[in-house]
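2 protein chains.
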Amino acid sequence: MTDFAATKALFHLPEGVIYLDGNSLGPLPRAASDRLRRTVEDEWGDMLITGWNRAGWMEMPRRLGDRIGRLIGAEPGSVVLGDTLSIKVYQALAAALEMRPDRRVILSDSGNFPSDLYMAQGLVGLLGDGYRLRTVAPEAVADALSDEIAVLMLTEVDYRTGRKHDMAALTAAAHEKGIVTVWDLAHSAGALPVDLAGTRADFAVGCTYKYLNAGPGGPAFIYVAPRHAQTARPALSGWLGHEAPFAFDADYRPAEGVERMRVGTPPILQLAALDASLEIWDQVDMNALRARSIALCDQFIAGVEARCPALEIASPRDGARRGSQVSFAFEQGYAAMQACIAKGLIGDFRAPDIMRFGFTPLYIDQSDVARAVEIIAEVMHDELWRDPAYQKRAAVT
Amino acid sequence: MTDFAATKALFHLPEGVIYLDGNSLGPLPRAASDRLRRTVEDEWGDMLITGWNRAGWMEMPRRLGDRIGRLIGAEPGSVVLGDTLSIKVYQALAAALEMRPDRRVILSDSGNFPSDLYMAQGLVGLLGDGYRLRTVAPEAVADALSDEIAVLMLTEVDYRTGRKHDMAALTAAAHEKGIVTVWDLAHSAGALPVDLAGTRADFAVGCTYKYLNAGPGGPAFIYVAPRHAQTARPALSGWLGHEAPFAFDADYRPAEGVERMRVGTPPILQLAALDASLEIWDQVDMNALRARSIALCDQFIAGVEARCPALEIASPRDGARRGSQVSFAFEQGYAAMQACIAKGLIGDFRAPDIMRFGFTPLYIDQSDVARAVEIIAEVMHDELWRDPAYQKRAAVT
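Just so you know, the protein sequences line up as chains A and B, in that order.
Anchor point for the first sequence: position 283 equals 283 in the numbering used here, and the numbering is continuous, going up by one each time.
Anchor point for the second sequence: position 341 equals 341 in the numbering used here, and the numbering is continuous, going up by one each time.
Among these hints, one or two may not hold up.
Note: identical chains are not told apart, hence a pair may lie in one copy or across any two.
Below, simulated DMTMM-like cross-link-like pairs (lysine to aspartate or glutamate); rule was C-alpha separation at most 25 Å, straight line [claimed, not checked]: (1) K177 x D42; (2) K392 x E59; (3) K8 x D282.
These aren't lab readings, by the way, just hints derived from the structure by calculation.
Keep in mind the model is a prediction, meaning the values are calculated, not measured.
The shape of chain A in the complex, shown without the other chains:
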């Protein structure tokens, strides 16, 4: 059983701040600073080029991939780290499309994260030849599965509303139609238990800087089901996905298994921060985390709804159908969120009108939730969002 009071002490949280934005950028694990110092000074500084072997840098993408694999129900050796999530989406889509050469359509939903849709648009634009992306409403996905669809690309948890797709059911329905699945776990990994092996997902991708606390720009991961790993063809065929990178052969030959999805030189400093964070995650029971996450979200919903009638819930009320976030719609949501931030409650705003709050049991507890409700109630009751200073939008929100 995970001791959540103990894990809270492992994170640095600024005095007076309630951080309900760990679903955007996770906070600093206290151990990460020292881990980075050692990687920089003892490894890069003193080992220089030999760090690739002596400090195990070259193996990090696979070694850390296995540790993330445990959190998402992946088979050992089926997850590898590297690149950004957008690149990993492209890589998974390209490999998945090639597995259904007779079909031309990628199906997704309008609740997917825009970059996933953009990457699909870039890929089908490059391929031409009738390849296209089709998006339907999230609730219409099951009915849109047809013999025309090559690949179903979905994000399990909607970044705006927190609505959670039924991964097992949709994967099974897709497979019945001969469709290959690509699941984006950006708001799932570290947020709730995922069972990639059990649901027979084909490909999955995700990022590490949200719930997994790897820091700004932490690398992405990709999962390839072991049954596909020896046949999936990497379109992004870089040297570190080669069977023998240091033979410097003229022709590309994919490495064994998921290693073929590696592309270029791995970002060792970012991986070191992730390594420190995974020291915490290695101890976490995902079922216990999920139970606590649902309890915190329920407490928050009850509190806000009781005190702030102007805020309209935009997330499912049923915890089982929700990720680890709660969103409320409010027309002046941007300004209201700025007012919350000014009072020490950090959440997120997503256009056009979504106030989004992430719940991360490793470092958020009931008293934080109670205080967050107080602040929101104050902002709404006193209409603090009317302050013109809060209306002016920054470039990044």
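Please arrange chain B on chain A, whose structure you already have, making use of the hints.
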């Protein structure tokens, strides 16, 4: 005029080590450790998500791109950082190919870094439809330029031999045939003056962890000539290359100029290390660096040739035709390099028989070169490479 005695003191070099491998992984700038600590503790730790604005994280890929731009003769606003070099090669190639829709051939040379060739193979494999990669010997490139070629992709400085292509002449010859150029500056940026604007290069890419000292896995950069920047279509169309990333539109619209070549969330920790290194580079006169680099290489060649007849020079003798490295061919080169490393001289080995030594005036001086020659002479004279311990190859060399 750059004071090279002063710059040497800005790097951490382990006691007793002569590091002639800065062309593989540059050493640690002393300031990088503290810069990382501040980014981790004061920015990530204390600013949390607001670091994207308050610490200027979101602008780093462009801001640091301009500073690298000065070193490679790029116009302001034409360079952006992100991803790995292999990804940037793919991105440049895809955009370049689309500029010549009537042609199907990418031309490169057999001395190019294998990952560049692999990425081209992955791209043409995905495109099908007659697209192909043709490689010729480096000296045959000029004659192979024809109306059939869509894109000429070359690495300016050969990673094995240090042979330097004439970028201005080849770019002009390519343009005469209507060919778009993609230059890889992996062994040029920070090694010698490059004049992208003056040579009218179309696209260029490069990495930061070699001569630019950004640390293991530092991000790559891409240059798009301003005359192409508004029309080049990004195949890797990620959200941070969108005109309005935080509008979360359903459809991709490329950002203004080179920003469209951004893809996903930038690796802030790696960028912070690069930022610290660029503080040094900002002061460097590239012509002074080049003069000193050639002098050091010449000293090294003269010394080794005088003392080690078994080593056959594999680099051009004419400094003007060479990058900032010197290579010698020797059948037992792997073992000989291991013996050198055991004696404190770190160089590199590249299959099948190349002993490679990089010369980096910011922290290597004449006395280092003299000592390096002594060590190599000792290894060769005493045939230390015969030691069986040096024959066993590690995974990464």
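Hints and how they fare:
no.	hint	in the structure
1	K177 x D42	neither (53 Å within a copy, 51 Å between copies)
2	K392 x E59	between (46 Å within a copy, 19 Å between copies)
3	K8 x D282	within (15 Å within a copy, 42 Å between copies)
Going through the hint list in order, the structure does not satisfy hint 1, though it satisfies all others.
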